Each structure stands twice: as structure tokens, then as C-alpha cells.
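Each protein sequence line maps, in turn, to chains L and H. FYI, the working numbering numbers position 38 of the first sequence as 92, with every residue one higher than the one before it. FYI, the working numbering numbers position 25 of the second sequence as 20, with every residue one higher than the one before it.
Treat the hints as calculated values from the structure; they're not laboratory data. In this text the structure is predicted, and so the values were computed from the model without any measurement. Any given hint might turn out to be false.
[As the list claims (entries may be wrong)] Derived pair list, reagent style BS3-like, types lysine-lysine, alpha-carbon separation capped at 25 Å:
no., chain 1, residue 1, chain 2, residue 2
1, L, Lys59, H, Lys31
2, H, Lys13, L, Lys154
3, H, Lys17, L, Lys125
4, L, Lys59, H, Lys36
5, L, Lys154, L, Lys108
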Amino acid sequence: DQQVKQNSPSLSVQEGRISILNCDYTNSMFDYFLWYKKYPAEGPTFLISISSIKDKNEDGRFTVFLNKSAKHLSLHIVPSQPGDSAVYFCAASAGFGNEKLTFGTGTRLTIIP
Amino acid sequence: ETGVTQTPRHLVMGMTNKKSLKCEQHLGHNAMYWYKQSAKKPLELMFVYNFKEQTENNSVPSRFSPECPNSSHLFLHLHTLQPEDSALYLCASSQVAGGLSSYNEQFFGPGTRLTVL
Chain L
55 DQQVKQNSPS
65 LSVQEGRISI
75 LNCDYTNSMF
85 DYFLWYKKYP
95 AEGPTFLISI
105 SSIKDKNEDG
115 RFTVFLNKSA
125 KHLSLHIVPS
135 QPGDSAVYFC
145 AASAGFGNEK
155 LTFGTGTRLT
165 IIP
Chain H
-4 ETGVTQTPRH
6 LVMGMTNKKS
16 LKCEQHLGHN
26 AMYWYKQSAK
36 KPLELMFVYN
46 FKEQTENNSV
56 PSRFSPECPN
66 SSHLFLHLHT
76 LQPEDSALYL
86 CASSQVAGGL
96 SSYNEQFFGP
106 GTRLTVL
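If we strip away everything but chain H, and leave its shape as in the complex, we get:
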């Protein structure tokens, strides 16, 4: 596997279900991200993990729960979702260094298309 992979690619779930999205990056990066893309809206940053520590939670409802067990893996745990949560969920990774670092070029996975019934 190369780059950033995401599973599953498609997920249909009811509002009472619990499911998880998985992301894995094979690039040796130290930062990982979850984005949401709804129709006709810009990509919305949800969570940022830098060296496995969550550094950003962009006012995301608690029914979305991220987990980053190591710098290569990122999960998004889903429970009691609403139909308006149906969207494409994208994972990304980048190499971020502190101080006078290089700028942030993020590499994206193919996304998980989520439908909440």
C-alpha cells in the first residue's frame, strides 16, 4: 500500500448504529487530519492530530470521536449520527515540524462516502 488509504470506501448506517472509519498513511508523516465534504460546500476541517496529540477540534459534535493510536493510523468513531452527517469523509496526512518549518502540503486518501438513514 502507498500513500493514504481509507476503509471502508462506502458506508450506510442507521441513526442508532455505531461504526468506525479507518485511515492509514504510509508516508512517514507526523500529522493526520479528518475533513468532511458535503455537497456544494468547501472541505471542512474536523480534527487535527500532530505527533498523535489532538491539536484541533473544529467545533465538531461529540457523536464524532477521533482516535489516533500511532502516527500512521487514525480512526473516526461514529455513533447516533443524523441524516445531515451524510457526506464524504476525507483523511489526510502531512509532515509538520515546529518552528521555522516548511509549509503544509497535505496528502489525501480517497475518502469514505457515508450515508446516514
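Just chain L, same shape as in the assembly:
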């Protein structure tokens, strides 16, 4: 049973527009959420995170929103750039200092020039 779900396997967005990637989770014990980005032939790289005490975290062009009641988070990228084309993974952990991350299946984002 998948506890972290990314229901859109792929997404295409025009350069300069906003990209919105979505993630849903089922485990109410999750209290820390991360987004990773993966290029082909490379390992995932950390992008941005949010703890459950916040509902928004911003870092440059990247903003993550958390809706705890809906068990939903989203990653907004604005403006989208060609270098943003990659697979994006949502991950979650439960509890402070918990080593274990649970990942979603990923969404492939393609930015169209």
C-alpha cells in the first residue's frame, strides 16, 4: 500500500509558466516532507522541504504548499525553465530525527521552450 502518491506520471509546461506538481499521502504520522529532483543517470538531489508546523515554504522559484487536512502537498515552480525538466519525487518522514523516508513514484516534468 503506497503511503505517498504522485498520481501524475508526467507533466508538460511551457517555459515561463507555472509548473505545479502534486503529492498525496495517507499516513497521518508524516510530519516532514521533501521534494527531490532527478536528472537521467544521476541520483536524486534535494530541492526543498516543509515541516508540518508550516503550510508554505519558499526558496527562490520553488514554493511548497502543505494542506494537512487534505493530506496533500504541492510544489510550484515559477517561472519554469528548460533546466527544470527532470523527474520530481515527493518524500515524507514521521517524527523528528527519523531516518526513514517514504517516496512517491515521481512525476516527469518537461518544460517546452
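Fit chain H to the supplied structure of chain L, relying on the hints for placement.
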């Protein structure tokens, strides 16, 4: 070398072979991880080592045998694998402290693409 390195990057092996995957982290972290990524599946956590002690074995078959000789190196020894074990194997590291520690941001290596014939 910087970050997390993995060797080899590609490995093809028969079901009767024995091989090892190597991971090295240059970040001064105290926890290391093995993940498996199969096509169209989420990353699956296999093993966790915290201060060189194994703290998690996620129901992994015994044909996968991890070894962590020190906090910078992690191995995955493979023997009598099956074709369904073909996947991308990723190593990661993080800094984990006990008690009221910071949250867990893991840094990944590039992975080893394993094909079992």
C-alpha cells in the same frame, strides 16, 4: 571526490555470480542508506546504517548483504540474484542526531544500474 560516489555505475551479472556494490560519502555524515528503484515503482528503502550500526532491514532477501566498515563506506554484497532484482541501486547519506535533532535530508549517489541475466 565530493558528495556521494558509487561504483560501479553499471553491472551485468549472472544468477550464480557474486559481486559487490560500493558507496562512499565525503560529507562527514553518520548515516548511510541503500535504496532500490525499479521501473515505475517508488524508491524502496533496503537498509539503514546509523553510526555504522544497522538500524533498518526492510524485509530484504538474504541474497543482499550489506556491510558498513566505517561511517564513510557502505557495501552491498550480491549473490545468487534473480532477474527481478535488476534495478537501479542508490546509496544515500545524511547527518542524523538523536533526540531533538534536525530533520533528515538525504544526499544521494548516482546509482548502480544492475542487470541480472
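Against the structure, the hints come out as follows:
1. Lys59(L) <-> Lys31(H): This hinted pair holds, its Cα atoms lying about 17 Å apart.
2. Lys13(H) <-> Lys154(L): This hinted pair is violated, its Cα atoms lying about 28 Å apart.
3. Lys17(H) <-> Lys125(L): Violated - the C-alpha atoms of Lys125(L) and Lys17(H) are around 37 Å apart, more than 25 Å.
4. Lys59(L) <-> Lys36(H): holds (11 Å)
5. Lys154(L) <-> Lys108(L): holds (21 Å)
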